[in-house]
Amino acid sequence: MKRWLIAVLVLLLGRRRRRPLVEEPERTVPRGEPDPGAENLVLALFGAATVTAAAVPVIYAWDAIPNQTQFLGLALGLAFAFLAAASVVIGKRLVVTEENEEDYSTTHPGDEEALEQIVDESGSRFTRKRLLVLAGAGAGTALGAALLTPAASFGPVFDVSSLYRTPWRRGIRLVDEAGRVFLADDVEEDTFYTAFPEHAGREQMGAPLVVVRLKPADLQLPDERRGWAPDGILAYSKICTHAGCAIALYRKPTFAPVEPRPALVCPCHYSTFDVADGGSVLFGPAGRALPQLPLSVDQAGALRAAGNFSGPVGPSWWGVRNHGARS
Amino acid sequence: MRRAAVIAALVMVCSSSAAAAPPPVQWGEQLFGANCVTCHGPNGSGILAPVHGAGDQTGLGPSLVGVGARAADFYLRTGYMPLHDVHAQPRRSRVLFSKGELAALVAYVASLGSGPTIPKPQPSSGNLSDGQALFTEHCAGCHQIDAEGGYVTNAVAPALDRATPVEIAEAVRIGPYLMPRFSERQISSAELNSIIRYVQYAKNPDDRGGWALGHVGPVPEGLVTWFIAIVLLIGTCAVIGRRIHS
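Residue numbers (our numbering), protein chains in the order written: chain A, 1 to 327; chain B, 1 to 246.
Next comes chain A alone, as it looks inside the complex (with noise of 0.2 Å):
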């Protein structure tokens, strides 16, 4: 490992066009005096900007900090001001300047050669370019990595076991927001709730339901799910497939014959899930039918969940199909 890196390092550094070792031309920019102070205080701000930037990660993946994200924008901010800095000082003392006043013709080819000439040897201050340059390179290195971090938000990438665990199983009740146990006889027609797992944490992303209730003879679930809507009581997860919203709005028909299927419907897009035959996509961009979770009542008269759900909760990712919903 450890000559693996100095070889790349090798192979980095020993790319850089070596000088020709021919006589210089005459030179354009007045020869400056080299500045060791200057350059020691560039190569500091260049360090102090690699440690800031590189605190964005540290800081990002450590939760036990308080006021995580103020140290976030802290350092993020004073790495970027370190930089800010750093070119400051080159610019003001360790680059050769001078003013020319000059009308510029476009008629001289000659011109972009002393250009570089001129940038070439404005350098000509810096006595320790490679590591200059080198400890600039460790700064931008630094700041990419600090500017990626949040990238690690978007979710597991590695281990996705959590984003198909529920907290439903079978024989676990339903109940209301204020923990009320929700029995058969309460679920009405025509109106729709929500429903969350007894003793479970309600913030999980498989843990809301919407709860509604059909006439049992207008089911159309499939062969694989009968029995799961007992008296016609059918149980979803609240989240839309497509980018994770509520699904806060249930459409029923008054009269049947004339209007659409009674449906949930996701407000942000309109994604809208049939509730008859097992929550599959009527219409938007939803890609996968709407989780059902199987129901029975207990000799109580109470929900109680007969399983987990038919699929995955929530949100796509890359692979969703591989697995159904676990406990």
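Hints should not be assumed to be uniformly reliable.
Partner residues aside, some chain A positions facing chain B, computed with beta carbon under 7 Å [as the list claims (entries may be wrong)]:
| hint | residue |
| --- | --- |
| 1 | Leu249 |
| 2 | Lys252 |
| 3 | Phe255 |
| 4 | Pro260 |
| 5 | Tyr270 |
Output of the computed footprint for chain A on chain B, the stretches with three or more beta carbons under 8 Å from beta carbons of chain A [claimed, not checked]:
| hint | region |
| --- | --- |
| 6 | 153–164 |
| 7 | 204–215 |
Hints listed in this document are in silico derivations from the structure and should not be mistaken for laboratory results. Each residue gets a CB set at the ideal place from its N, CA and C atoms; glycine is no exception.
Mind docking chain B on chain A? Use the hints.
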């Protein structure tokens, strides 16, 4: 004393005249036969399969037995009924009946079977902030938080700017067209009063931000920014620049 006697006499006259002229169910039946029967069927029993009816109308409509005065009053006073096309969403439109005709029709529909009566909400007893919370929870998904209305797939959730307290109370319990209906168990009468109070407030909200642009959100606000504010800004800059130059 004399004044009290006069008032008593007046009250007696009023109450007796009201009692002498109850909303005539027979009149309502005639009106029903002329305006509603093509779709709702004889005696309001409903037509569940399309029937080619009078005036080239397709007859198709739900039974009205047991819907009560509440639903009849809502659909008629809002102009939702009669519907020009059975497949169309009922919308607020001009009411074609006089007040007396409305009362007669409502009385006739109520006589078809026992059903709920017209609610008497009291929004003044409601709590505005509770109302906002309840409206957010139950209604804003479709009607938007400012009660300006919105969309569901295949339907329009109407704006509530013209809805009266009684109409709101009726609609919440009936669930017209694709709207869910909310029972007393989901939204109590007291909560309904708060919701109505909030809807009335939302018609004339206290716009602290200034010009509300119809309360329709960021799109018109952006349009104002791009097409009015930026033009003004650039104009101001141009004027300043010209002054400095001259």
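For each hint, the structure was consulted:
no. : hint    : in the structure
1   : Leu249  : 5 Å, holds
2   : Lys252  : 5 Å, holds
3   : Phe255  : 4 Å, holds
4   : Pro260  : 4 Å, holds
5   : Tyr270  : 5 Å, holds
6   : 153–164 : holds (count 3)
7   : 204–215 : violated (count 0)
Checked against the numbered hints above, the structure violates only hint 7.
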